[in-house]
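Enquirer: Next come the chains, spelled out residue by residue.
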Amino acid sequence: MEKELKYVDMVEQPISMHPKKFALWLFMVSVVMVFAGLTSAYIVRQAEGNWLEYELPSIFWVTSGIAVASSLTLHWAYFSAKKDNFLNLKIGMLLTVLLGIAFLVGQWYSWVAMVDRDVFFVGNPSGSFLYVFTGLHAAHLISGVIFLIIVLISTLKLKVHSKAMDTMEMATTYWHFLGGLWLYLFMFLLLNH
Amino acid sequence: MATATVAHHDETAHEHHEHHDNFITKYIFTQDHKMIGKQFLITGMFWAIIGGFLSILFRLQLGFPEMDLSFLRPLLGGWIDEAGKLDPTFYLALVTMHGTIMVFFVLTAGLSGTFSNYLIPLQIGARDMASGFMNMLSYWFFFVSGVIMFISLFIKTGPAGGGWVVYPPLSALEQAIPGSGLGMTLWLIAMTFFIASSLLGGINYITTVINLRTKGMSFSRLPLTIWAFFLTAVIGLLSFPVLFAAALLLVFDRSFGTSFYLSDIYIGGEALPNTGGSPVLYQHLFWFLGHPEVYIVLLPALGITSEVIATNSRKPIFGYKAMIISMLGITILSFIVWAHHMFVSGMNPFLGSIFMFLTLIIAVPSAVKVFNYLTTLWRGNLIFTPAMLFSIGLVSFFISGGLTGIFLGNSAIDIQLHDTYFVVAHFHLVMGSASFFGLMAGVYHWFPKMFGRMMDARLGYVHFWLTFVGVYLVFFPMHYIGIAGFPRRYYNWTNFEFTNMYTDLNMFVSVAAIITFAAQFIFIFNFFYSMYRGRKATLNPWRSNTLEWTTPLKPGHGNWPGEIPTVYRWPYDYSKPGAAEDFIPQTVPLSATPESNLPHEQEMVKLEMEIMKEESDVLVANESKH
Numbered sequence: 001m002e003k004e005l006k007y008v009d010m011v012e013q014p015i016s017m018h019p020k021k022f023a024l025w026l027f028m029v030s031v032v033m034v035f036a037g038l039t040s041a042y043i044v045r046q047a048e049g050n051w052l053e054y055e056l057p058s059i060f061w062v063t064s065g066i067a068v069a070s071s072l073t074l075h076w077a078y079f080s081a082k083k084d085n086f087l088n089l090k091i092g093m094l095l096t097v098l099l100g101i102a103f104l105v106g107q108w109y110s111w112v113a114m115v116d117r118d119v120f121f122v123g124n125p126s127g128s129f130l131y132v133f134t135g136l137h138a139a140h141l142i143s144g145v146i147f148l149i150i151v152l153i154s155t156l157k158l159k160v161h162s163k164a165m166d167t168m169e170m171a172t173t174y175w176h177f178l179g180g181l182w183l184y185l186f187m188f189l190l191l192n193h
Numbered sequence: 001m002a003t004a005t006v007a008h009h010d011e012t013a014h015e016h017h018e019h020h021d022n023f024i025t026k027y028i029f030t031q032d033h034k035m036i037g038k039q040f041l042i043t044g045m046f047w048a049i050i051g052g053f054l055s056i057l058f059r060l061q062l063g064f065p066e067m068d069l070s071f072l073r074p075l076l077g078g079w080i081d082e083a084g085k086l087d088p089t090f091y092l093a094l095v096t097m098h099g100t101i102m103v104f105f106v107l108t109a110g111l112s113g114t115f116s117n118y119l120i121p122l123q124i125g126a127r128d129m130a131s132g133f134m135n136m137l138s139y140w141f142f143f144v145s146g147v148i149m150f151i152s153l154f155i156k157t158g159p160a161g162g163g164w165v166v167y168p169p170l171s172a173l174e175q176a177i178p179g180s181g182l183g184m185t186l187w188l189i190a191m192t193f194f195i196a197s198s199l200l201g202g203i204n205y206i207t208t209v210i211n212l213r214t215k216g217m218s219f220s221r222l223p224l225t226i227w228a229f230f231l232t233a234v235i236g237l238l239s240f241p242v243l244f245a246a247a248l249l250l251v252f253d254r255s256f257g258t259s260f261y262l263s264d265i266y267i268g269g270e271a272l273p274n275t276g277g278s279p280v281l282y283q284h285l286f287w288f289l290g291h292p293e294v295y296i297v298l299l300p301a302l303g304i305t306s307e308v309i310a311t312n313s314r315k316p317i318f319g320y321k322a323m324i325i326s327m328l329g330i331t332i333l334s335f336i337v338w339a340h341h342m343f344v345s346g347m348n349p350f351l352g353s354i355f356m357f358l359t360l361i362i363a364v365p366s367a368v369k370v371f372n373y374l375t376t377l378w379r380g381n382l383i384f385t386p387a388m389l390f391s392i393g394l395v396s397f398f399i400s401g402g403l404t405g406i407f408l409g410n411s412a413i414d415i416q417l418h419d420t421y422f423v424v425a426h427f428h429l430v431m432g433s434a435s436f437f438g439l440m441a442g443v444y445h446w447f448p449k450m451f452g453r454m455m456d457a458r459l460g461y462v463h464f465w466l467t468f469v470g471v472y473l474v475f476f477p478m479h480y481i482g483i484a485g486f487p488r489r490y491y492n493w494t495n496f497e498f499t500n501m502y503t504d505l506n507m508f509v510s511v512a513a514i515i516t517f518a519a520q521f522i523f524i525f526n527f528f529y530s531m532y533r534g535r536k537a538t539l540n541p542w543r544s545n546t547l548e549w550t551t552p553l554k555p556g557h558g559n560w561p562g563e564i565p566t567v568y569r570w571p572y573d574y575s576k577p578g579a580a581e582d583f584i585p586q587t588v589p590l591s592a593t594p595e596s597n598l599p600h601e602q603e604m605v606k607l608e609m610e611i612m613k614e615e616s617d618v619l620v621a622n623e624s625k626h
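If you're matching them up, the sequences are chains U and P in order. What the first sequence shows, in the UniProt record's numbering, is residues 1 to 193, in sequence order. What the second sequence shows, in the UniProt record's numbering, is residues 1 to 626, in sequence order.
Hints are not guaranteed to be accurate.
With a straight-line cut-off of 20 angstroms between C-alpha atoms, the simulated SDA-like cross-links for lysine to any residue are [said to hold, decoys possible]:
| # | chain 1 | residue 1 | chain 2 | residue 2 |
| --- | --- | --- | --- | --- |
| 1 | P | K321 | P | G163 |
| 2 | P | K215 | P | D617 |
| 3 | U | K21 | P | R127 |
| 4 | P | K38 | P | F133 |
| 5 | P | K215 | U | Y54 |
| 6 | U | K20 | P | K321 |
| 7 | P | K38 | P | F521 |
| 8 | U | K21 | P | M134 |
| 9 | U | K21 | P | L137 |
| 10 | U | K20 | P | D617 |
| 11 | P | K321 | P | V368 |
| 12 | U | K21 | P | V147 |
| 13 | U | K20 | P | K38 |
| 14 | U | K20 | P | S255 |
| 15 | U | K20 | P | F355 |
| 16 | P | K38 | P | V147 |
| 17 | U | K21 | P | F133 |
| 18 | U | K20 | P | R127 |
Some but not every residue of chain P turned toward chain U, in silico, with C-beta under 8 angstroms [stated by the list, open to error]:
| # | residue |
| --- | --- |
| 19 | L76 |
| 20 | G77 |
| 21 | A130 |
| 22 | F133 |
| 23 | I203 |
| 24 | N211 |
| 25 | S255 |
| 26 | F256 |
| 27 | S259 |
| 28 | F260 |
| 29 | G277 |
| 30 | S345 |
Output of the computed footprint for chain P on chain U, the stretches with three or more beta carbons under 8 angstroms from beta carbons of chain P [claimed, not checked]:
| # | segment |
| --- | --- |
| 31 | 19-26 |
| 32 | 44-51 |
| 33 | 117-124 |
Quick caveat, the hints were computed from the structure, so don't treat them as lab data. Yeah, the Cβ is synthetic: ideal placement off N, Cα and C, and Gly gets one too.
For reference, chain U alone in the conformation it holds in the complex (with noise of 0.2 angstroms):
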């Protein structure tokens, strides 16, 4: 039985997964690897002592169900486009990017409620990491929000569609994983400010 086992493994054509979107889950591996490294550095640094405490920013939880939003349509397009419906398939795509935006645009007043409290990103390295994650954070979520208009681009010229889904998986996967990282580096502020 084991030797039949290694004969299938022989002839096998060892081909597991599309080479573009394997690549993407090893980008987004270095991606974790950049903010496990930060969120690292900030609790070694907070355990130094000399912490300053401040008030996350309140909207922040308006940012994150956004974020939780954008998913849902998004992943609706995603099944729109499965069942080839191409009017739900646009409208959800758009709504994700409009989603995207506004959150974007939450996050700067994330940093306009801090300077209101007077943290600035000079200063405690409290109140600068928090500048450095959300700022970070947002880099990568335009890369996402360009992803994300060029699928919408090839939507509206009906390039996506039942038989070609992998620009749209790829980019559901990325916007699902930037959504992610976000509510985790929200939850890591409410857990260790």
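Given chain U's structure and the hints, the job is docking chain P onto it.
Expert: For chain P alone, coordinates are given in the frame of chain U:
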């Protein structure tokens, strides 16, 4: 033989795939992994000469502190003062740039970039990398990074001078030394490009190894080179982003006035506004990359050595599975030992003991690898090609440099040895020279595949012996200097009584370094001469088993003119009892070698026959379509 027929009859079908490139798409913005590999190699060689030359400059200062260096003024200009002395801050910049260039540009990009690119598709049986475009981008990011680093060598305030680890606050404050000014900024920009290049390359390598293997190339049949490149890419993917995070915060501290790493600093009696930062934080982040980086540099060299030693011992590699498991072990352990670089940073001694324990565990997989190299060599029909000599040289450095690692890994002994020349000797042997020898072994071994010609073996022997003896003459005395307490990165020691007595030893080291450096030009000559005038290579000059030797002498873009060969066996069937030849390439089916099959292989033959019949049916069907 099925493979032979496959290769012949599909030749015409492939004509359509053949690209007709012009000069720019063929040699400059190429997406062919083979050309990109060669680009990495040539660029790496360029940087190796510069990095080596910088080391000669500071060796002159260390070995001959009284020497009049005015003859260098045409090159170094104002860095040589009126009295013919090297500027002390420029000395720091020299050490910094030597380290940066050698670690990142030569032994990461030049080694991993060259051989991962060149060998992964050829040895796993793929037409090219998963994304040729990303691969091209990877090289050009590296190139831009190199250009920026090169420019930084010539600016007025000099290149970065804070050591290759660029610890803040030294690197964060422009007022600290000239090398923390514009040079440091350029260093950070260059490294950002370098990180992007490494990530693009690494993502590509991992994707290719996992998704694009040819039929039959299971993970248990991968050559150890590919395993090594694969794990190297995994380490890079996980550790370079953390360096990016560290560098990003450093950029903010330098240019925006934040205080991540800075706190309570007085310059010229005046307090800086920064409070609340922690320089040790940078060390944690940096060494989380910095230690895995050692294995990013070393693993590819070990992989190349496995392949070269097995081929030239005409024996299967001893303990194939053990080799893979120990590389996996090194990969995992490399991430949890970083604080052994920080034993004297004031960390909790209990934490130090934990990191010491984890560090010493690395000796186990390393020793397994050494043992397996030696047992592969044991009673083999050794063929001493230059590549083989360099591989054996690697094993030698890996042992002698690895042993001192056990000393340094002990947190108590490290208090005495930390930041002395003992450390310099240790890592130059185990990481620097070992990886460099792996690189050299790779070049000598795969040169015939890269350029279709052989390198001159006799020049190779001269190059090997001069380099091998030279490396030991340079680095062995440094152990004694280090135990005596000489700190690294010091401009000179003649002012101290206890260091005076070693002046002649330093002189000796410097002379040896100059000779070793000079010997590298034998290689450079051999490389470029053989590229055009070398003896024409045969298809499989080393009588090796792996797939790259089944390609034509000068493979085009796409590697195999016909169908990609199928793999039927592991890559180490050397000197199999009963076989007609002392090697059986991976493409030879078990059914073609009944005389040498082991009992369990004999049983697989029947199933193999069925598959080959199926395949030929498919081929016939394809044929009728044309």
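Enquirer: Would you mind marking each hint as holding or not holding in the structure?
Expert: Here is what the structure says about each hint:
With a C-alpha separation of about 39 angstroms, the suggested pairing of K321 of chain P with G163 of chain P is violated against the 20 angstroms cut-off. Between the alpha carbons of K215 of chain P and D617 of chain P the distance comes to roughly 17 angstroms, so the proposed pair stays at or under 20 angstroms and holds. Our distance criterion of 20 angstroms between C-alpha atoms is met by K21 of chain U and R127 of chain P, whose separation comes to about 19 angstroms. For the hint pairing K38 of chain P with F133 of chain P, the CA-to-CA distance comes to about 16 angstroms; that is within 20 angstroms, so the pair holds.
With a CA separation close to 59 angstroms, the supplied pair K215 of chain P and Y54 of chain U exceeds the 20 angstroms bound. Proximity of K20 of chain U to K321 of chain P is assessed by CA-CA distance (about 30 angstroms); at most 20 angstroms being required, the pair is judged violated. The suggested pairing of K38 of chain P with F521 of chain P holds, with an alpha-carbon distance near 19 angstroms, which does not exceed 20 angstroms. Proximity of K21 of chain U to M134 of chain P is assessed by CA-CA distance (about 14 angstroms); at most 20 angstroms being required, the pair is judged to hold.
Distance restraint check for K21 of chain U and L137 of chain P: the Cα-Cα separation of roughly 18 angstroms lies within the 20 angstroms cut-off, and the hinted pair is therefore satisfied. Of the pairs offered as hints, the one joining K20 of chain U and D617 of chain P is violated, with about 32 angstroms between alpha carbons and a cut-off of 20 angstroms exceeded. For a cut-off of 20 angstroms, the pair hint linking K321 of chain P to V368 of chain P stands: about 11 angstroms separates their Cα positions. With a C-alpha separation of about 32 angstroms, the suggested pairing of K21 of chain U with V147 of chain P is violated against the 20 angstroms cut-off.
This hinted pair does not check out: K20 of chain U and K38 of chain P have alpha carbons roughly 25 angstroms apart, beyond 20 angstroms. The suggested pairing of K20 of chain U with S255 of chain P is violated, with an alpha-carbon distance near 36 angstroms, which exceeds 20 angstroms. As the CA atoms of K20 of chain U and F355 of chain P are separated by approximately 38 angstroms, the hinted pair breaks the 20 angstroms bound. For the hint linking K38 of chain P to V147 of chain P, the alpha-carbon distance of about 18 angstroms falls within 20 angstroms, and the restraint holds.
This hinted pair checks out: K21 of chain U and F133 of chain P have alpha carbons roughly 15 angstroms apart, not beyond 20 angstroms. Distance restraint check for K20 of chain U and R127 of chain P: the Cα-Cα separation of roughly 16 angstroms lies within the 20 angstroms cut-off, and the hinted pair is therefore satisfied. Hint on L76 of chain P is violated. Least Cβ distance to chain U is approximately 38 angstroms, over the 8 angstroms limit. Below 8 angstroms, beta-carbon pairs count as interface contacts, and G77 of chain P has none with chain U, the closest being about 38 angstroms; its hint is therefore violated.
Hint status for A130 of chain P: holds, given a least beta-carbon distance of 4 angstroms to chain U, under 8 angstroms. Checking F133 of chain P against chain U by beta carbon gives a least distance of about 11 angstroms; that is not within 8 angstroms, so the hint is violated. Hint on I203 of chain P holds. Least Cβ distance to chain U is approximately 4 angstroms, under the 8 angstroms limit. Hint status for N211 of chain P: holds, given a least beta-carbon distance of 5 angstroms to chain U, under 8 angstroms.
With its C-beta approaching chain U no nearer than about 11 angstroms, S255 of chain P sits outside the 8 angstroms limit, and its interface hint is violated. Given the 8 angstroms rule on beta carbons, the hint for F256 of chain P holds: about 6 angstroms separates it from the nearest Cβ of chain U. The restraint placing S259 of chain P at the interface with chain U holds, with a minimum CB-CB distance near 6 angstroms, inside the 8 angstroms limit. Contact between F260 of chain P and chain U, as hinted, is supported at the beta carbon level, the nearest pair being about 5 angstroms apart and thus within 8 angstroms.
Using the Cβ-Cβ criterion of 8 angstroms, the hint placing G277 of chain P at the interface with chain U is satisfied: the shortest such distance is roughly 6 angstroms. Taking 8 angstroms as the C-beta cut-off, the interface hint given for S345 of chain P is violated, the closest approach to chain U being about 12 angstroms. Evaluation of the coverage hint for the segment 19-26 of chain U: fulfilled, as 5 residues show C-beta separations to chain P shorter than 8 angstroms, against a requirement of three. With 5 residues bearing a CB less than 8 angstroms from a CB of chain P, the segment 44-51 of chain U meets the requirement of three and the coverage assertion stands.
For the segment 117-124 of chain U, the stated coverage by chain P holds: 4 residues have a C-beta nearer than 8 angstroms to a C-beta of that chain, and at least 3 were required.
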